[in-house]
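Position chains B and C against the provided structure of chain A, taking the given hints into account.
Residues per chain are reported as follows:
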Amino acid sequence: MPFQILINVMLAVLWMFLQNEYTFVSFLFGYIIGILILIVIRRFLKFDFYLKKVWAIIKLIYLFMIELIKANIDVVKVVLKPKQDHKPGIVAVRTHLESDFEISMLAALITLTPGTISMDFSDDSKTIYVHSIDVPDKEAMIKDIQDSFEKAIMEVTK
Amino acid sequence: MFDTVMIIALSALSIALVLLFIRIIIGPSTQDRILALDAIGVLLVGFIGILMILQDTSVFSDIVLVLTILGFVGTLTLSKFLERGVVIDRDD
Amino acid sequence: MTGMIDVIVAVFVVIGVFFAVVSAIGIVRLKDVYSRAHASGKSATLGVIFIMLAVFIHFLSQGVMNAKILLAILFLFLTAPVASLMITRSAYRNGVKLDKNTVTDDLKEMYEAKDRDK
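In order, the protein sequence lines correspond to chains A, B and C.
The opening position of the first sequence corresponds to residue 1 in the numbering used here, with each subsequent residue numbered one higher.
The opening position of the second sequence corresponds to residue 1 in the numbering used here, with each subsequent residue numbered one higher.
The opening position of the third sequence corresponds to residue 1 in the numbering used here, with each subsequent residue numbered one higher.
Okay, chain A solo, but in the shape it has when bound (with noise of 0.2 Å):
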């Protein structure tokens, strides 16, 4: 994969020596036709086309920024209701992620969606802590974390 993003960088300052013109445009439109160069020739090379991973990145931003304005949306109706009686708590989430890395993705992707925040945790780092503003039904919440954002991160790391 890093091979393939050189080439893809070489062309486009090829493309930049060719155009006479040394401006972030011109890189940028080098590389647009590099990636281009590279989907007629990616049979040839050994390894998978390195977009389909970034396709998956850009499909985990996306997720995240749907969620991040429910989360919004959610943050302002509890904040604007007359009556303050919304149930937190403190609810233990066990995750099948792996690595460092993904765990504290997801920690911070729970952050970032509604009515939950990752608060701490467990020593083996398997259980995430997270409280919720307001827990209706705790397991129907732990499966919606476990069901969406895990899927996502493990499509973008495996």
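What the hints contain is simulated information worked out from the structure, not anything from laboratory work.
Careful: at least some of the hints might be erroneous.
[Said to hold, decoys possible] Covered by chain C, per the in silico footprint, the following chain B stretches (three or more residues, Cβ under 8 Å): (1) 12-20; (2) 44-51.
[To be verified] Derived BS3-like pairs (lysine-lysine); straight-line CA-CA distance at most 30 Å: (3) A/K126 / A/K59; (4) A/K81 / C/K97; (5) C/K108 / B/K80; (6) A/K77 / C/K97; (7) A/K151 / A/K59; (8) C/K68 / A/K52; (9) A/K53 / C/K68; (10) A/K143 / C/K100; (11) C/K100 / B/K80; (12) C/K97 / A/K83; (13) A/K59 / A/K138; (14) A/K87 / C/K108; (15) A/K53 / A/K151; (16) A/K52 / A/K126; (17) A/K70 / A/K87; (18) A/K138 / C/K97; (19) A/K70 / C/K68; (20) A/K83 / C/K31; (21) A/K59 / A/K70; (22) B/K80 / C/K97; (23) A/K87 / C/K100; (24) A/K77 / A/K59; (25) A/K87 / A/K151; (26) C/K108 / A/K126; (27) A/K52 / A/K70; (28) C/K31 / A/K77; (29) A/K87 / B/K80; (30) A/K126 / A/K87; (31) A/K138 / A/K70.
[Stated by the list, open to error] Stretches of chain C that chain A covers, calculated by requiring three or more beta carbons in the stretch to come under 8 Å of a beta carbon on chain A: (32) 9-23; (33) 42-52.
Keep in mind the model is a prediction, meaning the values are calculated, not measured.
A virtual CB, placed ideally from N, CA and C, is assigned to each residue, including glycine.
Leaving out everything else, chains B and C in the frame of chain A:
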């Protein structure tokens, strides 16, 4: 018209900063105060951003970066210090 | 054309300021530290990200590509969850009380088990 909107936005942000200041004064625990200080740091970044639009200058962009990083580091050190009494953990 | 971009910038700034003000109200109104962390960790960050995007668009329309502002947005994104995690964790370990409405507290079991092991 555009400038009026920006000035109204600045006033609203100032009110928000005053509200956070109330929390710093009354906050029952020290963590409440850290939280409010962190939020003040974040809102100041937005404040400077609107000032950049209003004055049509990008010289403040460095200040924005430094303020973001310093606010984060300050929050981390304060809460870490309160947790254990030390700022830098050593694994031994 | 510039009128168009001004409108977009103004809308972004207004949305951002709205979220920022809501987070400030939340920090004053909500009842315990953990709920307040929700307001400060999410709304303030999103509000300021909206404002910085507006700044970026404003300068982009004048032909200035200001990468430092994008960098600031990235930093805000990365640092906000960590900051709120550290604050709530230190609050819990220092024994700041949970709100009386709280229904479940799984974290207590973990620390109690740890104390027993010692």
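Verification of the supplied hints:
Requiring three or more residues with a Cβ within less than 8 Å of a Cβ of chain C, the coverage given for the region 12-20 of chain B holds, as 7 such residues are present. A count of 4 residues in the region 44-51 of chain B with a Cβ less than 8 Å from any Cβ of chain C is obtained; the coverage claim is therefore met, three being the minimum. For a cut-off of 30 Å, the pair hint linking A/K126 to A/K59 stands: about 25 Å separates their Cα positions. Proximity of A/K81 to C/K97 is assessed by CA-CA distance (about 23 Å); at most 30 Å being required, the pair is judged to hold.
Taking the CA atoms of C/K108 and B/K80, the gap is about 20 Å. The hint holds against a cut of 30 Å. This hinted pair checks out: A/K77 and C/K97 have alpha carbons roughly 24 Å apart, not beyond 30 Å. Our distance criterion of 30 Å between C-alpha atoms is met by A/K151 and A/K59, whose separation comes to about 11 Å. Among the hinted pairs, C/K68 with A/K52 is consistent with the structure: their alpha-carbon atoms are about 29 Å apart, no more than 30 Å.
A C-alpha spacing of about 26 Å is found between A/K53 and C/K68, which places the hinted pair at or below 30 Å, so the restraint holds. The hinted pair formed by A/K143 and C/K100 meets the criterion: a straight-line CA distance of about 26 Å does not exceed 30 Å. For the hint linking C/K100 to B/K80, the alpha-carbon distance of about 26 Å falls within 30 Å, and the restraint holds. Note on C/K97 and A/K83: the hinted pairing holds, with a Cα-Cα distance of about 21 Å set against a maximum of 30 Å.
The hinted pair formed by A/K59 and A/K138 meets the criterion: a straight-line CA distance of about 27 Å does not exceed 30 Å. At roughly 17 Å between alpha-carbon atoms, A/K87 and C/K108 fall within 30 Å of each other, so this suggested pair holds. With a C-alpha separation of about 14 Å, the suggested pairing of A/K53 with A/K151 holds against the 30 Å cut-off. For the proposed pair A/K52 and A/K126, the alpha carbon gap of about 28 Å is at most 30 Å, so the pair holds.
A hinted pair counts as satisfied when its Cα atoms are at most 30 Å apart, and A/K70 with A/K87 qualifies at roughly 19 Å. A threshold of 30 Å between alpha carbons decides the hint, and for A/K138 with C/K97 the separation of about 21 Å falls inside it, so the pair holds. Simply put, A/K70 and C/K68 have alpha-carbon atoms about 28 Å apart, close enough for the 30 Å limit, and the pair holds. The straight-line distance between the Cα atoms of A/K83 and C/K31 is roughly 12 Å, inside the 30 Å bound, and the hint therefore holds.
Between A/K59 and A/K70 the CA atoms are separated by roughly 17 Å; this keeps the pair inside 30 Å, and the hint holds. Under the criterion of a C-alpha separation no larger than 30 Å, the hint pairing B/K80 with C/K97 is consistent with the structure, at around 19 Å. Restraint check for A/K87 and C/K100: satisfied, since their Cα atoms lie roughly 9 Å apart, inside the 30 Å limit. At most 30 Å may separate the alpha-carbon atoms for a hinted pair to count; A/K77 and A/K59 meet this at roughly 27 Å.
This hinted pair checks out: A/K87 and A/K151 have alpha carbons roughly 29 Å apart, not beyond 30 Å. Our distance criterion of 30 Å between C-alpha atoms is met by C/K108 and A/K126, whose separation comes to about 17 Å. For the hint linking A/K52 to A/K70, the alpha-carbon distance of about 27 Å falls within 30 Å, and the restraint holds. Under the criterion of a C-alpha separation no larger than 30 Å, the hint pairing C/K31 with A/K77 is consistent with the structure, at around 15 Å.
This hinted pair checks out: A/K87 and B/K80 have alpha carbons roughly 28 Å apart, not beyond 30 Å. Annotation: proposed proximity of A/K126 to A/K87 holds, straight-line Cα distance about 26 Å (limit 30 Å). The suggested pairing of A/K138 with A/K70 holds, with an alpha-carbon distance near 20 Å, which does not exceed 30 Å. Only residues whose C-beta sits within less than 8 Å of a C-beta in chain A count toward coverage, and the region 9-23 of chain C has 3 of them, enough to reach three; the restraint holds.
For the region 42-52 of chain C, the stated coverage by chain A is satisfied: 4 residues place a CB nearer than 8 Å to a CB of that chain, which reaches the threshold of 3.
In summary, the structure agrees with every hint in the numbered list given earlier.
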